[in-house]
Amino acid sequence: MLGLNGRDTTVFVIVTVLAIMAPFLLNPFPTESGLAQFNAGYPDLMQRFAIFAIFAIGFNILFGLTGYLSFGHAAFLGVGSYAAVWIFKLFTYNVVPAILFSVVIGAIFALAIGFISLRRSGIYFAILTLAFAQMSYALAYSVLSNPKFNLTNGETGLQVYPGDLQMFHNPERVPDLPHLFGLSMRANYELSVGGWDFNFNAGYYLCAAILLLMFYLSMRIFRSPFGMMLRAIKSNQTRMTYTGLNARPYALAAFVISGMYAGLAGGLMAAVDPLTGAERMQWTASGEVVLMTILGGAGTLIGPILGAGFIKYFENIFSKINDSVLHAWFAALPDGLEDFLVAIIYPFIGKGWHLTLGILFMLVVIFLPGGLVEGGQRIGRLFRSRKTRKGETDEATQSTPAE
Amino acid sequence: MDAILLQILNGLDKGSAYALIALGLTLIFGTLGVVNFAHGALFMIGAFCAVTLQKLLSLSYVVIDETKTDFMGNPLKVEMPYVAKWFGPEIGATIIDWSVPLAILFSIPVMIAIGFAIERGLIKYFYRRPHADQILVTFGLAIVLQEIVKYYFGANPIPTPAPDMFAGSIDIGMLVGFDPNAIVYPSWRLIYFAFAALIIGGVFAFLQFTTFGMVVRAGMADRETVGLLGINIDRRFTIMFGIAAAVAGLAGVMYAPINSPNYHMGMDFLVLSFVVVVVGGMGSLPGAVLAGFLLGILESFASTTWATTTIPGINQVVIYLVAIIVLLARPRGLMGRKGVMED
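Protein chains in written order, with the numbering used here: chain R, 1 to 403; chain X, 1001 to 1343.
Hints listed in this document are in silico derivations from the structure and should not be mistaken for laboratory results.
Don't be surprised by glycine CBs; every beta carbon is placed ideally from N, CA and C.
A few of these clues could be false.
As the list claims (entries may be wrong) - Here chain X is said to cover these stretches of chain R; the calculated rule only asks that three of the stretch's residues, wherever they fall, bring their Cβ under 8 Å from a Cβ of chain X:
(1) 113–120
(2) 123–133
(3) 195–202
(4) 249–258
(5) 278–288
(6) 373–386
Generate coordinates for the entire structure from the input sequences, incorporating the hints supplied.
Written out as structure tokens, the structure reads:
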């Protein structure tokens, strides 16, 4: 289907179903129940799932395929956000031009930075991208917000003010918020079935639709001759050069594509919430997308989506659990044991959730270089090899899906 | 003239910190070939060694002082540090006052132990893995260390003053013949610079004039051959990791009075230290030190009013700009050797 082989079609259909059904799947617990705090089906978080999945898919095209580790990808996300908000400020609240413009700006920035950074590889490349991103952050944070030439509005962050130009914006016909041809991004339909509340949010479905499109695109890139070239860069660049191929244009193309994905993610971020700030470009934000991709599985198709979902879910849900919630969970146990358990678990949840993330990340890098995807494959292989213990060839060991 | 001298002095303290961290990074990189993203966290832990020692020394119990009364007329409760009880009030107060210099002694064994633990427990398993994996795992380690410190000490900066003796400023201008008050400089920063120079000199002397250092240098040049000669080079490299951790830790201890330590100070310094290492040339110890001081001084010149009015915001970006230019013009850095990290 659509130029994908059977296996990829299955993956794509699964992702599509997951994306469409997300409002149901992420809200498995009734709103009134004690477990409702694990529900992630609210619009804001669902949008973030989709947006960061796009960001991580883009990063994976660079890191997963070519092996170039960029520590400055958040810069493209940041400029994408700024570009989209400027379209809102100057022209219209319609998200289509804003998103397109953010992709273009992301591409231009990626071209400029990639052209210089890709002269070096390995650690030098990581540090060059890091330096560029930190420079962009410093520029956005202070330099470009002086009164004479205020491009970023400094630490307040850029947003739309009532006095802004908005040339083609007509508040009488369309909502006074980012909208898609009149459909407000904040439009939300709440469906109550029994004790459950399900949110269907226009902004989320826009992000999900674009996510599917981008996922499809990344599949095609992974399976194309171009993707093969990118993998050749990762496995042995010297040999590739000896066969008469110049690696740099391919690497630069991958860098620009992933920059466009990041710009797109930034544009979407501004589309669902029309403001932006320099902190989106900080290097910790770049580190986050690295974490997502590695955690999910670099070089796999589905890995970045899993990683982004995993990190964003735990960031938002885990961090809400405080010690009183914990005490409520273990209330049935004897007091001493309860306090002991709470004391052990408490450092790892709530505000300490980053500690859990850091430990998890280290474990993945040490033991599971393929990330969650490889973990899943190993478990799957374990089950299958039990079934086909005698005689039959083990299919699972031969196929390395999405690699 | 005096303005230029002042800016150079201003650059020296930051430059010293950069140079010390970059020196440790280069030691680790040159010996073990590992890119250590957790080095900033080691710097931070050093600063928190100072905080910990200060807190330990100020542990107090409450006594009721009959001579003083509060506004209600009741006897005042006074906190009495244990050190004051054991050594008498005057010596006790002095010990607490000098907690930062004392923390130097305290931090060396702590940092060396942490360095050994990290090398033996984690980094040992990453020699054969790609550089990207080394970066990632040490990046994860940095997050973990940072969060542990945040859990115990909170997210807010903790003021850790230097001894009263060094709290003020020195009028250096007077000493070298300028007008009074032309160059007034906080004394602790001068001490920081002197301390950094001492440590850097110590490390170089250690590598240059001891047998151990000679073997380590040989190992840096050709690890395999040194191993074939029957020398246990791995053990020496582990010790060098401990020393590099101690250098970062000492830089952190002494930096605590300049900037109150908080849990993410390491990350802030790490990015710049990497830039410093790359500008100096990966694997070159003199290059790291030189680039550290150069970039520190450059940053302080870019922060002058003259520079910021000419090019707004130049102070924020100058280091990165220089790094980019250096990497493009001299890809191996200022003093980089051929064949280091060229793959």
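Against the structure, the hints:
no.	hint	verdict
1	113–120	holds (count 3)
2	123–133	holds (count 8)
3	195–202	violated (count 0)
4	249–258	violated (count 0)
5	278–288	holds (count 3)
6	373–386	violated (count 0)
When each numbered hint is compared with the structure, violations occur for hints 3, 4, 6.
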